[in-house]
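Colleague: Mind docking these for me? Both chains are given alone in their own frames, and the hints should help you get the complex.
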Amino acid sequence: AQTVTQSQPEMSVQEAETVTLSCTYDTSENNYYLFWYKQPPSRQMILVIRQEAYKQQNATENRFSVNFQKAAKSFSLKISDSQLGDTAMYFCAFMKLGSSNTGKLIFGQGTTLQVKP
Amino acid sequence: EAGVTQSPTHLIKTRGQQATLRCSPISGHTSVYWYQQALGLGLQFLLWYDEGEERNRGNFPPRFSGRQFPNYSSELNVNALELEDSALYLCASSLGDLGTGEFFGPGTRLTVL
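The listed protein sequences derive, respectively, from chains Y and E. Offset between the first sequence (1-based) and the working numbering: plus 2. Offset between the second sequence (1-based) and the working numbering: plus 17.
Just so you know, these hints were derived from the structure itself, not from any lab. Check the hints yourself; a few may be wrong.
Just so you have them, the derived chain Y footprint on chain E, three or more residues with Cβ under 8 Å [unchecked claim]:
{"no.": "1", "region": "59–65"}
{"no.": "2", "region": "68–81"}
Some but not every residue of chain Y turned toward chain E, in silico, with C-beta under 8 Å [stated by the list, open to error]:
{"no.": "3", "residue": "K57"}
{"no.": "4", "residue": "F70"}
{"no.": "5", "residue": "K106"}
Using N, Cα and C, we set each Cβ at its ideal position, and we do this for glycine too.
So here's chain E without its partners, still in its complex pose (with noise of 0.2 Å):
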């Protein structure tokens, strides 16, 4: 079974760019999840998105934002880049609030020169 992948691996932009990350959940899988990793930060809830539509978001400015296709992958853009949104995105799926725990994707390292 394929795991949560995301793309791209690496992504470099600079202040006032917009990102555009991607992630595709386990097949099965309805719920996708976006966490931001920062340095000195730790772990940090982003957004939610279950059956095509935005369930919970973190406490993040509107120019995060996201969307979940019909097909249950996802998109996270990132406009007007800042120097401190450097750090590593990780995407996630479950199935639903079955509580099965969410599976990790590999990341994606975003730096903002």
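Next up, chain Y with everything else stripped away, as it sits in the complex (with noise of 0.2 Å):
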């Protein structure tokens, strides 16, 4: 069974810094992706940025990129000139793909972010 770890519970950065958050997942598959979601307090969950496990680059969209270590299992979200509305709970999520599709994407437990002034 596939798990994913966020072992920050909660994390802050000032307003136009950069924050790193972690997240590892245990998989035996090898066709998948890993997705980073944020839900700000309104609760929309909303796509951050997604990684094709077959890819080694890492995928950016503009002031989010990820660092995606499929040996050691790890990816995390970089988040640079942090803003106010970045605020918002974190999720990291993985589904496996092809033919052992379940449909379902496996969360990690959230990071809370707070971008302060």
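Modeller: This is how it looks when you write it as structure tokens:
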């Protein structure tokens, strides 16, 4: 069974600074995707970034980038130039694909990030 | 492009009653997923519908059921409500397993008294 672990329940960062959120996962699958989702106080889950396991290049989306270490099963999220609107809970998630696809996202416990002015 | 929509926003029921939650996916998306986000339990996968059929269900009792309509919208039914069913229920949609990620709706907050 796959598991996703986020070891940092809470983090804070000053506005305009950089912060890194950690995520590790456990799987025996080779074909999968990893995601970071953001859930602000409004509770709307928003897809921040995704990474295909077969791609070595780390995904980036504007101020958001990941450090994907497949062998170490690590998938951290770096937020650069933090903004007040980045305050939210962040979830790391795993989905296996291909013929063994279950259609299921497996989520970590979440990290609450507060951006301070 | 309209996102995933859910109704109602809030729902208050008493123990033993039935609750019906509705979800409309993003136009063109054929897969609909339901997740439960309960306090202290995190996000748990409930159900996956694709092309009108149930493809997978999570570790929930049979009183959690649903269906997907020909227009790909979906309904989640929870029978014989229990206090621990109180949670935020999130619906998501995607283009099958193309790895686009699942796009979530705003959720329905179910409170069981």
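Colleague: Work down the list of hints and note, for each, if the structure agrees.
Modeller: Evaluated hints:
1. 59–65: Per the Cβ count (4), the hint holds.
2. 68–81: holds (count 3)
3. K57: The hint is violated - Y/K57 has no Cβ within 8 Å of chain E, the shortest such distance being about 11 Å.
4. F70: 14 Å, violated
5. K106: 4 Å, holds
Consistency note: the structure conflicts with the earlier hints numbered 3 and 4.
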